[in-house]
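Q: Protein sequences appear in the order of chains A and B. So the mapping is simple: our numbering equals the position in the first sequence, first residue as 1, plus 6. So the mapping is simple: our numbering equals the position in the second sequence, first residue as 1, plus 6.
Just so you know, these hints were derived from the structure itself, not from any lab. Any given hint might turn out to be false.
In this list, chains with the same sequence are indistinguishable; a pair is considered to hold if it fits within one copy or across any two.
Claimed, not checked - Okay, derived cross-link-like pairs now, DSS-like style, lysine-lysine, Cα gap no bigger than 27 angstroms in a straight line: (1) Lys17 - Lys57; (2) Lys153 - Lys17; (3) Lys17 - Lys50; (4) Lys58 - Lys17; (5) Lys58 - Lys153.
Next come the chains, spelled out residue by residue.
2 protein chains.
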Amino acid sequence: MANIIHRIAIKQPIEKVYQALTSINGLAHWWTTEVQGNTNVGEKIDFSFYKKTGDFMATMVMQVQESVTNACVRWHCVGGPDDWVGTDVTFELSEQDGQTILIFGHRNWREQNEHMAHCSMKWAVFMLSLRAYVETGTGKPSPDDVKIDNWN
Amino acid sequence: MANIIHRIAIKQPIEKVYQALTSINGLAHWWTTEVQGNTNVGEKIDFSFYKKTGDFMATMVMQVQESVTNACVRWHCVGGPDDWVGTDVTFELSEQDGQTILIFGHRNWREQNEHMAHCSMKWAVFMLSLRAYVETGTGKPSPDDVKIDNWN
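Could you put the whole structure together from the sequences, leaning on the hints where they help?
A: Right, dumping it as structure tokens:
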């Protein structure tokens with residue numbers, strides 16, 4: 007199993023970061039504008055991605071497995087690209103030096119393929135988007151996300 | 007062993023990307039301004055990092071193990087933070103859709119610790135810096151790199 011793990015700090019209270027990870031409105035401001043579902047434990051959230059032209063790309067379906075206020079969130083991927091299904095997305099929050107530290111993980115990939123390398127860069131730019139949203143109110147969710155290669 | 011692997015595309019000829027990875031001047035424009043050494047196979051390159059205040063942070067010493075024109079570069083880390091020594095940094099280049107595809111790797115970490123998660127985000131912003139340098143002439147090498155957390 008292989009993992010993408012990124013560490014980033016956000017200069018805002020931990021409550022604001024947790025809110026951005028556990029509300030449909032928050033999620034829509036940094037990952038993709040097209041979010042539907044319910045963020046409670048046991049429920050599912052659908053994240054859909056479209057090109058700027060409007061062409062559909064993919065829907066990632068995440069089942070919320072854990073959500074501990076101001077501490078952690080864990081999703082299990084139950085729909086999306088073949089190599090995403092069965093993986094886990096984790097957010098661990100803590101406080102240090104007056105900042106909120108986020109350890110982001112996209113874990114348990116079956117193999118470290120080229121698509122995983124693409125997703126590693128994409129998650130990094132989405133982490134910058136999350137930070138910008140929480141710190142300034144404006145992120146760069148899809149379809150206005152930073153494009154990093156010929157795939158997206 | 008754990009690996010950081012990022013995929014990015016650069017809208018410039020592969021020769022320009024290879025040059026940015028294999029000349030002291032090129033490296034100084036996207037990773038750190040403080041680069042010394044020789045980029046030939048078997049030789050060593052010292053990359054030093056300072057805070058904006060001028061305080062010294064670290065020197066990473068890379069031994070060039072492979073350098074195949076317009077195809078790949080591999081460095082072995084022989085000096086730097088404890089968890090970097092013995093790791094490998096790789097750059098694999100190819101062409102697709104009229105773009106240069108770069109698969110960047112920082113491989114063979116002994117454990118996937120929190121510092122590796124920090125470095126994963128830092129390498130992502132340095133890949134964006136490399137792309138900006140090759141595409142526009144201006145990157146964001148240290149000490150003007152994007153800061154991503156309370157460590158750097």
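Q: With reference to the structure, classify each hint as holding or not holding.
A: Hint by hint, here is what the structure shows:
1. Lys17 - Lys57: between (31 angstroms within a copy, 19 angstroms between copies)
2. Lys153 - Lys17: both (25 angstroms within a copy, 12 angstroms between copies)
3. Lys17 - Lys50: The answer is neither: 29 angstroms in one copy and 38 angstroms across copies each exceed 27 angstroms.
4. Lys58 - Lys17: between (31 angstroms within a copy, 19 angstroms between copies)
5. Lys58 - Lys153: within (11 angstroms within a copy, 29 angstroms between copies)
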